[in-house]
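Q: According to full-length UniProt numbering, the sequence shown is numbered sequentially starting from 1.
I should point out that these hints are in silico values taken from the structure, not numbers from a laboratory.
We put the beta carbon where it would ideally sit given N, CA and C, even for glycine.
Not one of these hints is a red herring.
Dumping the calculated DSS-like pairs for lysine-lysine here, alpha-carbon to alpha-carbon at most 30 Å:
1) Lys82 - Lys33
2) Lys126 - Lys33
3) Lys52 - Lys23
4) Lys88 - Lys126
5) Lys89 - Lys125
6) Lys88 - Lys52
7) Lys126 - Lys40
8) Lys33 - Lys125
9) Lys33 - Lys23
10) Lys52 - Lys89
11) Lys82 - Lys52
12) Lys40 - Lys88
13) Lys89 - Lys33
14) Lys126 - Lys89
15) Lys82 - Lys126
16) Lys33 - Lys88
17) Lys52 - Lys40
18) Lys126 - Lys52
19) Lys82 - Lys40
20) Lys33 - Lys52
21) Lys40 - Lys23
22) Lys40 - Lys125
23) Lys125 - Lys88
24) Lys89 - Lys40
25) Lys8 - Lys23
26) Lys125 - Lys82
27) Lys52 - Lys125
28) Lys9 - Lys23
If you anchor each label on the Cβ, the simulated ranges turn out as follows:
29) Ser56 - Leu11: 33 to 41 Å
30) Ala130 - Lys9: 39 to 47 Å
31) Lys9 - Leu111: 45 to 53 Å
32) Glu67 - Glu24: 29 to 37 Å
33) Lys3 - Asn115: 52 to 60 Å
34) Ser75 - Phe15: 50 to 58 Å
35) Leu111 - Phe50: 20 to 28 Å
36) Lys89 - Lys9: 52 to 60 Å
37) Ser20 - Leu111: 33 to 41 Å
38) Ser26 - Ala130: 19 to 27 Å
39) Leu10 - Gln81: 58 to 66 Å
40) Asn101 - Asp72: 35 to 43 Å
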Amino acid sequence: MPKRNEMKKLLMTLFSIIESLIKEFSARFSQFKELSETFKFIMYPDVISFDKLNLSQFDWLEIEELEMQLIDFQSSSIWIQKFIEARKKLELIEALRLTSNISKNTSNEILETWNSIPDAFNCLKKLAYAILTIFSSTYAYESLFSEIKITSKTRLETV
Numbered sequence: 001m002p003k004r005n006e007m008k009k010l011l012m013t014l015f016s017i018i019e020s021l022i023k024e025f026s027a028r029f030s031q032f033k034e035l036s037e038t039f040k041f042i043m044y045p046d047v048i049s050f051d052k053l054n055l056s057q058f059d060w061l062e063i064e065e066l067e068m069q070l071i072d073f074q075s076s077s078i079w080i081q082k083f084i085e086a087r088k089k090l091e092l093i094e095a096l097r098l099t100s101n102i103s104k105n106t107s108n109e110i111l112e113t114w115n116s117i118p119d120a121f122n123c124l125k126k127l128a129y130a131i132l133t134i135f136s137s138t139y140a141y142e143s144l145f146s147e148i149k150i151t152s153k154t155r156l157e158t159v
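Turn these sequences into a full structure, and let the hints guide you.
A: Spelled out as structure tokens, the structure:
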């Protein structure tokens, strides 16, 4: 009988931890919903409206300078064309990936595009890099919890 009580305590602790994680993830992903328009900036800086950007999480940026750089950027046919071409290239990569099992990392293409933008648009680049960093850290979390889920399932099945 003592083992059953210990198991029950352990399961209650596990459920409590999982409940806490669910709350944390819900809060985290609600922030993602709030930033959904801002995330589009990564691939659509040539068409996104400054007013649609939720910059509340990026208060360290020089907001006025960012707005001016965005206006200049969107006035330049060179940079507009650069992102139109980048989006076409990403669509081709995705089509190839879906049809031929070729796994090419699209984040490299996105990063290369932003790296090619001159430092005259440094505020735009900082925002893009900050957004890209959010996704890379989120991927790490998702991978970790995916692994935990698999491990937890295996352990629960053996109990």
